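Asker: Sequence:
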Amino acid sequence: MNKFFVPQEDINFNIAYIRGEDVKHIRKVLRLKCGDKININNCNGKEFLGAIEKIDKDEVVVNIIEELTLYNESNIKIYLFQGLPKSGKMDLIVQKAVELGVYEITPVVTSRVVVKNDSGEFKKVDRWNKIAKEACKQCKRSIIPKVNVPISFKELLSEGECMDLIVVPYENESNAGVKKIVNSIEDKSNLEKIAIVIGPEGGFEEQEIDELKNINSHIVTLGPRILRTETAGFVCISLIMYELGDLGGLY
156 MNKFFVPQED
166 INFNIAYIRG
176 EDVKHIRKVL
186 RLKCGDKINI
196 NNCNGKEFLG
206 AIEKIDKDEV
216 VVNIIEELTL
226 YNESNIKIYL
236 FQGLPKSGKM
246 DLIVQKAVEL
256 GVYEITPVVT
266 SRVVVKNDSG
276 EFKKVDRWNK
286 IAKEACKQCK
296 RSIIPKVNVP
306 ISFKELLSEG
316 ECMDLIVVPY
326 ENESNAGVKK
336 IVNSIEDKSN
346 LEKIAIVIGP
356 EGGFEEQEID
366 ELKNINSHIV
376 TLGPRILRTE
386 TAGFVCISLI
396 MYELGDLGGL
406 Y
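Per this note's numbering, the sequence shown starts with residue 156, numbered consecutively.
The reader is advised that the hints may include incorrect statements.
What the hints assert, rightly or not - Pairs of lysine-lysine, BS3-like flavour, derived with a Cα cap of 25 Å: (1) K368 to K232; (2) K241 to K285; (3) K188 to K158; (4) K188 to K201; (5) K309 to K334; (6) K279 to K292.
Unchecked claim - Computed beta-carbon distance windows for the label pairs: (7) N199 to L402: 41 to 47 Å; (8) G190 to I340: 21 to 27 Å; (9) I340 to E214: 47 to 53 Å.
These are computed hints drawn from the structure, not numbers from a lab.
For clarity, every value in this text was computed on a predicted model and none was experimentally measured.
By construction, the Cβ of each residue, glycine as well, lies at the ideal position given by its N, Cα and C atoms.
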């Protein structure tokens with residue numbers, strides 16, 4: 156069943172009003188008709204079953220039938236801090252990270268980031284958030300993860316202090332993997348906010364790794380093969396979600 160995110164302010168009692176780009180998608184692409192049933196999400200995790208009552212050029216009116224007991228979010232919140240890549244790779248990273256269950260995504264400008272401040276990559280935040288929203292529709296997420304504006308490495312260190320666990324894949328690490336780190340933690344029930352920090356093309360400087368260690372980050376290996384920046388994030392998210400979250404079935 157098709158799903159649409161509708162801000163709470165556009166939901167009045169048992170009526171929801173779909174506006175914006177979704178209207179064209181409903182009319183021209185999906186070709187839905189009055190009476191067709193759809194799912195409505197109020198952007199805060201609540202799901203409703205609705206039936207289309209009216210389709211206009213700029214608005215679709217939906218009659219809400221009932222509230223649903225659907226909630227497809229993980230028991231942990233993963234914050235992905237991604238070294239800003241070049242050549243539009245961030246689009247794919249956002250899409251797949253959302254599908255895997257990430258809670259929030261923040262691009263980071265590290266020493267080896269080759270993207271310049273005046274490049275188009277710094278102006279794509281709105282685009283990335285749209286990609287996140289579309290990915291949520293496809294994978295039936297209950298909450299749309301936020302994609303933040305790029306931050307500095309110094310700001311990353313500050314935000315990292317608020318995390319319960321920080322995992323940093325690093326190509327020069329060979330002793331500790333994700334499973335070993337997770338198994339070393341006795342009380343996993345307190346692991347609610349988990350940061351995954353991924354380097355850009357070229358990886359991290361040694362000084363950056365030292366600074367990450369200073370905020371109690373766990374430096375890990377993802378195996379003997381060097382992964383691209385976009386691949387490393389997917390692998391690390393999957394491992395964390397498998398060990399601590401809901402990837403692979405019931406946890």
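Asker: Range first: 41 to 47 Å. Now tell me if the beta carbons of N199 and L402 are that far apart.
Answerer: Taking Cβ atoms as reference, N199 and L402 lie about 24 Å apart, which means the hint is violated.
Asker: Given the hinted pair K279 and K292, is their Cα-Cα distance within 25 Å?
Answerer: 20 Å, holds
Asker: Range first: 47 to 53 Å. Now tell me if the beta carbons of I340 and E214 are that far apart.
Answerer: Holds, since I340 and E214 (Cβ atoms, about 50 Å apart) stay within the stated range.
Asker: Check the hint pairing K188 with K201 against an upper bound of 25 Å on the C-alpha distance.
Answerer: Satisfied, since the Cα-Cα distance of roughly 24 Å is no more than 25 Å.
Asker: Indicate whether the distance between the beta carbons of G190 and I340 respects the range 21 to 27 Å.
Answerer: Since the Cβ atoms of G190 and I340 sit about 52 Å apart, the hinted range of 21 to 27 Å is violated.
Asker: For a C-alpha distance cap of 25 Å, please report whether K188 and K158 respect it.
Answerer: Holds, because 15 Å separates the two Cα atoms, which is no more than 25 Å.
Asker: If you draw a straight line from the CA of K368 to the CA of K232, is it 25 Å or shorter?
Answerer: At roughly 21 Å apart (the allowed maximum being 25 Å), K232 and K368 satisfy the hint.
Asker: Does K241 pair with K285 here, judged by a C-alpha cut-off of 25 Å?
Answerer: 19 Å, holds
Asker: Do the alpha carbons of K309 and K334 lie within 25 Å of each other, as the hint requires?
Answerer: Judged against 25 Å, a Cα distance of about 28 Å means the pair is violated.
Checked against the numbered hints given earlier, this structure breaks hints 5, 7, 8; the rest are met.
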